[in-house]
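Could you put the whole structure together from the sequences, leaning on the hints where they help?
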Amino acid sequence: MSLLVEMNDRAMKLGVPLSVHIDVTYRCNERCQHCYLDHDDLGEMSTAEIKDILDQLAEAGVFFLVFSGGEVFMRRDFLELVEYARKLMFNVKVKTNGVMIHEYEARRMRELGVEQVQISVYSHRPEVHDAITKLPGSLKRTLDSIKFLKAQGLKVTVSNVLMTYNRDDHRATQALAKELGVSYTLDPTVTPKMDGDTSVLALRVDADNLDELFADPELVGNPEEFCAKPGPVDEDTMEGYSCSAGHTACYITPYADVFPCVQFPLATGNLRKQKFMDIWKHSPQLAEVRSIKVKDLTVCSSCSHAGTCTRCPGLAYMEGSMRGPSSSDCEKSFHRTGIPSANMLRKAAAASSGPLIQIAPMMA
Amino acid sequence: MAQTMTDTFIARSPAIAARVMGGEMMIMSAVDSTFFSLNEVATVIFQAADGQTPLAEIIEKRVCKEFEVEPEEARRDAEHFVTELSKHGILLVSDKPIPAHNFPNTPNLGKQ
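Residue numbers (our numbering), protein chains in the order written: chain X, 1 to 364; chain F, 1 to 112.
Rather than coming from a laboratory, the hints here were simulated on the basis of the structure.
C-beta atoms are modelled at their ideal positions from N, C-alpha and C, and glycine is treated no differently.
Warning: the hint list may mix true and false statements.
[Stated by the list, open to error] The following label-pair restraints were derived from C-beta to C-beta distances: (1) F:100 - X:168: 37 to 47 angstroms; (2) F:39 - X:127: 51 to 61 angstroms; (3) X:178 - F:57: 46 to 56 angstroms; (4) F:31 - X:295: 53 to 63 angstroms; (5) F:32 - X:290: 31 to 41 angstroms; (6) X:212 - F:77: 51 to 61 angstroms; (7) X:151 - F:72: 42 to 52 angstroms; (8) F:72 - X:155: 38 to 48 angstroms; (9) F:23 - X:164: 46 to 56 angstroms.
In C-alpha cells, the structure reads:
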C-alpha cells in the first residue's frame, strides 16, 4: 500500500479533513461558456479572514490545499495568501487560467514551494479557446504563463473540459500540452450552475465523443481494463462510500460557506459564524453525507456498476437526491462498458409503460 | 561534510508539506513528490530542525533524554535519518547555522 493510500485510509478512520479546496474569489477575467459560477463579488472574505481559516485548517490536520476561483489572481493578496499557506506547510495546488501570470508571479510561486499549477486550456486554436473564455487574446496569454511557470521548474497540468464547442480539438490540445512539456487532463463533465440553472448542460458532448475518449490509451491508460465489464458487487463495496466529499475533503466558498465538495452545494455551515472544526465535527448535513453507504443508494445499490461507477454524490444531489443516481455518471459507465445502469433501465421501463397515472373509461 | 554529522545544523526545507496525523508526522517533498511518515523520534528531530540548534544538541537534549536511548545509538540513527531526508530535499544540512528566512517559521502542524 502506498503511503498516500495509507494516509487517506488513516484520515478516513480518524475523520481528518485531509484535502480542502478553497475558492478565494468568484471574480474572473474570463466568462467561460460552461462556467457554473456567478462572478459578482457578493462579499468575499478579507485577507485576515482567509488567514484565520488557514490557521484553523492546519490545526484540523488539512494536508492538501487547493486554491481556486474564479480567477485567483483577481485578488491582489493572492501571493500573500499562498505565502501564508506555505508557512503553515500545506501542500498547495493552484488552479488558474494563467492570464495574469508573468515572470514575477511564476518565480514567487516557485519560491513559495507551490506543488502544482493547473491551467485551463480549451483548445490549441485561439478562435476556439477565446470564444469559450470570451476574452480575446486569452489563449496566447495562457500559453505564455505556462512557459513562465515551466521556466521556473514548476509542475504544470493543462486542464481541458470537453464540450460541444471544442469536441474536435482535444487531441491537438493534448499534443500542445506534450509539446510544452506539461501533463494533460480532460474532463467531459459539464456541471449545472451553483444556483441550480441547468442550461449549461446543453454543452455536454454526445455519446460518440465519450466512446472515443474511453478508447484513448493516452487518456485512460489501458482501454481494455478501463472499459472492462463490472464484476460482481461484493459486501465491502456495499459497505463503502461513493467518494471522499465530506469524509476527508470539503470545499470553502469565497463567502466562507462550507460544502462537502465544490460540486456538492449542500450548505453545512459558515466560517464567519462558526469555527471550522465545529462545522466539520457537528454539522448535521455532513453527518448525513457521511452516513450514506453504497447499500443505502436508492437505485445505484442495485446497479451492476455499483463497484466501479464514478458516481458523484454532488451531481446526484443537484439532480434531486444525494442518495439517488447521477445520470451523467450513468452515461459514462454505460459508454465505458456497454452495460446500461440500473437508473437507465428504470427510466427506459418507465418510458415504455406509459404514464404513471392512467385513466381508462369504464364500459357501460 | 564532516566525518560525523553531529557538528552540523539541520533545517526544514521550505519546499515541503507536513502535517501531524494520528500522532505521526506525514511529509511530502516538493522536489520529487515522495511521501514520508516519521515515527515519534524522527518527528522530534524534524520539529527541532530550526537551523540554529546543532544536531548534537538535538540528539543529546531531545532524543536521548526523552526516549532514554544510548547516545551512540541515537547519533547513528539520527545521522541515517538526516542523510535520507536531505537526499529528498526535506532537510537542509550545513556546518553553519542556517538563516531563519530559508525555512518555515514555527509551523502549526496540527494536532490530529
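Do the Cβ positions of residue 151 (chain X) and residue 72 (chain F) conform to the proposed distance bound of 42 to 52 angstroms?
-> 48 angstroms, holds
Could you tell me whether the CB distance from residue 32 (chain F) to residue 290 (chain X) stays inside 31 to 41 angstroms?
-> Since residue 32 (chain F) and residue 290 (chain X) have Cβ atoms about 34 angstroms apart, the given range 31 to 41 angstroms holds.
Pairwise beta carbon distance, residue 31 (chain F) to residue 295 (chain X), judged against the given window 53 to 63 angstroms | 43 angstroms, violated
Indicate whether the distance between the beta carbons of residue 39 (chain F) and residue 127 (chain X) respects the range 51 to 61 angstroms.
-> Because 57 angstroms falls inside the window, the suggested range holds.
Honestly, do residue 212 (chain X) and residue 77 (chain F) meet the 51 to 61 angstroms range at C-beta?
-> 55 angstroms, holds
Do the beta carbons of residue 178 (chain X) and residue 57 (chain F) sit within 46 to 56 angstroms of each other?
-> Since residue 178 (chain X) and residue 57 (chain F) have Cβ atoms about 51 angstroms apart, the given range 46 to 56 angstroms holds.
Does the Cβ distance between residue 100 (chain F) and residue 168 (chain X) fall inside 37 to 47 angstroms?
-> Distance hint for residue 100 (chain F), residue 168 (chain X) is violated at roughly 54 angstroms.
CB-CB spacing for residue 155 (chain X) and residue 72 (chain F) relative to the 38 to 48 angstroms hint | 42 angstroms, holds
Determine whether the Cβ-Cβ distance between residue 23 (chain F) and residue 164 (chain X) falls within the hinted range of 46 to 56 angstroms.
-> 51 angstroms, holds
When held up to the earlier numbered hints, the structure conflicts with 1 and 4 and fits the remainder.
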